[in-house]
Every structure is written in C-alpha cells, then in structure tokens.
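Since chain A is already given, all that's left is putting chain B on it; use the hints.
This is what each chain is made of:
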Amino acid sequence: MEKTVNQKAWFLVLPVLALVAFSAVIPLMTVVNYSVQDTFGNNVFFWAGLEWFSNMLESDRMWAALGRQMVFSGIILAIEVPLGIFVALNMPKKGFWASVCLVLMALPLLIPWNVVGTIWQIFGRVDIGLLGHTLDRLGIDYNYTQDFFAAWATVIVMDVWHWTSLVALLAYAGLQSIPDAYYQAAKIDQASRWKVFRYIELPKMQGVLMIAILLRFMDSFMIYTEPFVVTGGGPGNSTTFLSIDLVKMALGQFDLGPAAAFSIMYFLVILLISWVFYTVMTNLDKREGK
Amino acid sequence: MDWMAWTGPTAIFFAVIACLLITFTILAIRFPETPRVGVLRIETTRGDRLFITLLGSAFINLAWLGLVSAPQWGALILCLIYAAAVFRWV
Chain A
51 MEKTVNQKAW
61 FLVLPVLALV
71 AFSAVIPLMT
81 VVNYSVQDTF
91 GNNVFFWAGL
101 EWFSNMLESD
111 RMWAALGRQM
121 VFSGIILAIE
131 VPLGIFVALN
141 MPKKGFWASV
151 CLVLMALPLL
161 IPWNVVGTIW
171 QIFGRVDIGL
181 LGHTLDRLGI
191 DYNYTQDFFA
201 AWATVIVMDV
211 WHWTSLVALL
221 AYAGLQSIPD
231 AYYQAAKIDQ
241 ASRWKVFRYI
251 ELPKMQGVLM
261 IAILLRFMDS
271 FMIYTEPFVV
281 TGGGPGNSTT
291 FLSIDLVKMA
301 LGQFDLGPAA
311 AFSIMYFLVI
321 LLISWVFYTV
331 MTNLDKREGK
Chain B
4 MDWMAWTGPT
14 AIFFAVIACL
24 LITFTILAIR
34 FPETPRVGVL
44 RIETTRGDRL
54 FITLLGSAFI
64 NLAWLGLVSA
74 PQWGALILCL
84 IYAAAVFRWV
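Protein chains in written order, with the working numbering: chain A, 51 to 340; chain B, 4 to 93.
Quick caveat, the hints were computed from the structure, so don't treat them as lab data. Predicted model only: the values in this text are computed from it and were never measured. Honestly, I wouldn't trust all of these hints.
Unchecked claim - So the derived list for chain B, only partly shown, Cβ under 7 angstroms to chain A, looks like this:
id, residue
1, M7
2, A8
3, W9
4, A18
5, I20
6, T47
7, L68
8, G69
What the hints assert, rightly or not - Listed next, the in silico DMTMM-like pairs over lysine to aspartate or glutamate satisfying Cα-Cα at most 25 angstroms (straight line):
id, chain 1, residue 1, chain 2, residue 2
9, A, K58, B, D5
10, A, K143, A, D230
11, A, K336, B, E46
12, A, K58, B, E46
13, A, K245, A, D335
14, A, K336, B, D5
15, A, K298, B, E46
16, A, K144, A, D230
17, A, K58, B, D51
18, A, K254, B, E46
19, A, K254, A, D335
Even glycine gets a Cβ: it sits at the ideal position worked out from N, Cα and C.
This is chain B alone, in the form it adopts within the complex:
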C-alpha cells in the first residue's frame, strides 16, 4: 500500500465515508423506506440524502477554504448543520 501514499487524516476521511456507507446500507436493509418528495421537488431516499450531504459538504469546505479565513473546523460545523437540514427537509 506504500504506493498509495497514505496519511493519517486521509485514512480517517475514507474510513468515515466507508462507515457511513455501511451504516446506510444496513439501515436500508433493516428499515426499508419509501422515497419522499422534499423542498427540491425530487424524490429522495436516505441514500440520496447522504449523497447530497456529502457532495454539498465538499463544496462547503472548498468555499470556506477559499472565502473565509477562519480555521477549517468551522466548515465542519456548517456541514453538520447542512446535513441536518438536508435530512430534515430534502
């Protein structure tokens, strides 16, 4: 695995994403759900909402890095608020 040039933070990053995917897979099997229509007027399942959350979080982090000169964990807090909003309303 040396050639992949692993670092601690990136390993944690991918581990968190892997855990999220596994958790949501288990949730989808244990508690099947019907898609719902939210504020975006599109049908979404939990998995869709997770995708929207992760993709949006990436852009929030980039915007924070480019526009705000505060520490990066501020973006993480913003992402958690965004995630909660997505899972509640989208």
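Looking at chain A on its own, in the form it has when it is part of the complex:
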C-alpha cells in the first residue's frame, strides 16, 4: 500500500526543532564564533581568522588523538559486532530462559557511564580489585595506570562488557523476526548451519546490524566518561581519545579558540560518517522493499 504524503505533518516536528535549536544549534554557532577568535576571559574576544584551524591541522596532538580514536572504534566494532551476533545466535528463542537472558543482557546497558568506569577502576586495581588481584596472583604484570597495553585492554574490555549486549539484543530482535518457514525450507534443502547463517539469518539481520554498527560507532567515537574515570587518558596520552583531549584543551587549558576549531573538525568527521551510514541504511531498506 502506498503511504499518503502529507507535508503538513512537518509542523508536528516544530517543538523538537525549537528544543534542538536551543540545545544544539545555538551552542554550535557559538563554537563556530569562538573558532575564529582568541580570548583571555571576561568575554573579550580578538579576531584570529583561520589561525586555529591551521594550527589544529598541523597539530600532532590532534592527529594522534584522532588516530587513537579510530583504532579504538575499529577494535570495538571488530569485537562487539561478531560477539553480539554469536551471543544472539546462542540465546534461547523462547521460554523462561529467554526472559532471563534478556534481563541479564540488558543490565549493563542500564548502568551509567561513570559508574561503569568506577566499577572497572576498582575491579582492575591490584590491591583491592578482583581482576587486578587475580591477574597479579597468576603472575601477570597488570597495571592499567602505568602499562600501555593494560590500559588499552581494560578500556576495550570495559566497553565490550558494557555494550556488546546492545548488539546482541538488536541481533536477537532481528533473528526473532525470521519466519519458521525459512528454516524449514533450509532443512528440506539440507543446508548446513553455516549456510543457514550466511543466506538466511545474516541477510535478515542486515537492517538491525546496520543500526547496531551505527550506534556503536557513534558512541565509541564520542566516548569520554569511561576511559576518563578509569585511566584519565593515561598512561601518558595513550588512552586520550578525542573527547578527552578536547575537554583538556577547552576546560583544562581554557584554549577556547583551538578547542572550538578542534570541535568543528570533530563534528564534521562525525557528520560525514553518520551521513554515509544513514545513506547506506536507507538504500538497503529501499532495495529490500523492492
């Protein structure tokens, strides 16, 4: 059935538009204004032109943070998406245990970021934390405040613990929507488990997986609280991701101009990647609809 087109429905979006204007658009315009000026406080500004943008483009610090951020998001996606699918495939389809699994999976998602950070910060400590103490007893030299690999491993495992269930729940919802007839047909054709996954389950999960990848990418690209609480961006700068670096620059050093230029570039990268994801997603939907 063709959907009716009624452009007047756009007026219903007006309240949201007003809210977003106040909470996002006006602050963003202010950031653009800051990015071409210099200030020493007291709301007195001096024209700086594109200087901050050139400085930031030449800044090793920003490129390093961007590189770390890309590596972090890449690792997160490479672990969480396959793991989430694997968990979803092995979850009970119905009955009591299905509900138990769903509740257990949803639990980490309900915990606020800073609490997750605190949990892992204590969990990983060698003196009082269960994980840190156990690893220490096993003879593994683990100290996330001093060792580069330990810090990265902790931050990544923490994110995997916190967010894999989101991917799993989305993939699970996708799996539940596949009619039994598909599996029966596959059985008649004596399809192997791998072929059932490759030709039935994966294509049917495509839509939800795209949403899962988009959400996980955006969230990990903007990550701030968890690594900030656990490692504070250290040791050195090794877990200083874009947001952490930005906050250090804007609030720690009060370099509003460079931080604003940095924010705009950060925003543009996010806008570009979101647009690519969104376009791919809507085009997949259209192709499926045909």
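Relative to the frame of chain A, chain B by itself:
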C-alpha cells in the same frame, strides 16, 4: 547575544547558510521533484545534494587550508565547481 561572541564573517557565513536553506525549502514547495539516482548510485533530492555540497565544501576548505599555501578564496572557487558537479551528476 553578546555571549555568543558574534563576528561579521561568521554572521555572513550563517546568513548564507540560512538563505540557502530557505531558498531550497521554497524550491521544494514550489517545484516538487522526484529523487534521482546519480553517480553515487544513491537516490538524491535537491536537499540531499545541497547537504553533500555543504559537507564536501567544509572538507575542501580544510584540505585547502592544510595542504595548499594559497589564499583561502581559492578553496571557495573549488567549492563552487564542486557544487556545480554535485548538482549536475550526483
């Protein structure tokens, strides 16, 4: 509005973007169009093409600033060529 630290150039920048958005809204109402598929193999409307143009122009300007040591208006010329190409082929 003092707290927003306005400057002339940024005011002009936002005014141009606002004018573009208003123009394209009026165009979309006056002359409704069907989406078309261009070189990117995706369906685009005029609004989509405007978005691609603006986002691409931002990156062109940044690349120009970082890589080319010529005045910034060179990037603007490049952006206009890019805009024409996007509206013609995308």
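How the hints compare with the structure:
With its C-beta approaching chain A no nearer than about 5 angstroms, M7/B sits inside the 7 angstroms limit, and its interface hint holds. Interface hint at A8/B: satisfied, since its Cβ lies 5 angstroms from the closest Cβ of chain A, which is below the 7 angstroms cut-off. With its C-beta approaching chain A no nearer than about 6 angstroms, W9/B sits inside the 7 angstroms limit, and its interface hint holds. For A18/B, the shortest C-beta to C-beta distance to chain A is roughly 11 angstroms, which exceeds 7 angstroms, and the interface hint is violated.
Here the hint on I20/B is broken, as its CB sits about 10 angstroms from the closest CB of chain A, past 7 angstroms. Contact between T47/B and chain A, as hinted, is not supported at the beta carbon level, the nearest pair being about 9 angstroms apart and thus beyond 7 angstroms. A distance limit of 7 angstroms between C-beta atoms decides the matter here; for L68/B the minimum to chain A is near 6 angstroms, and the interface restraint holds. With a cut of 7 angstroms, the hint placing G69/B at the interface with chain A holds, because the nearest CB-to-CB distance is about 4 angstroms.
With a CA separation close to 36 angstroms, the supplied pair K58/A and D5/B exceeds the 25 angstroms bound. Taking the CA atoms of K143/A and D230/A, the gap is near 12 angstroms; set against the 25 angstroms cutoff, the hint holds. At roughly 10 angstroms between alpha-carbon atoms, K336/A and E46/B fall within 25 angstroms of each other, so this suggested pair holds. Taken as a hint, the K58/A and E46/B pair is honoured in the structure, with Cα atoms around 23 angstroms apart against an allowance of 25 angstroms.
The straight-line distance between the Cα atoms of K245/A and D335/A is roughly 23 angstroms, inside the 25 angstroms bound, and the hint therefore holds. Taking the CA atoms of K336/A and D5/B, the gap is near 47 angstroms; set against the 25 angstroms cutoff, the hint is violated. Restraint check for K298/A and E46/B: not satisfied, since their Cα atoms lie roughly 42 angstroms apart, outside the 25 angstroms limit. Proposed proximity of K144/A and D230/A is supported: the alpha carbons are some 13 angstroms apart, at most 25 angstroms.
At roughly 20 angstroms between alpha-carbon atoms, K58/A and D51/B fall within 25 angstroms of each other, so this suggested pair holds. Among the hinted pairs, K254/A with E46/B is consistent with the structure: their alpha-carbon atoms are about 23 angstroms apart, no more than 25 angstroms. Restraint check for K254/A and D335/A: satisfied, since their Cα atoms lie roughly 11 angstroms apart, inside the 25 angstroms limit.
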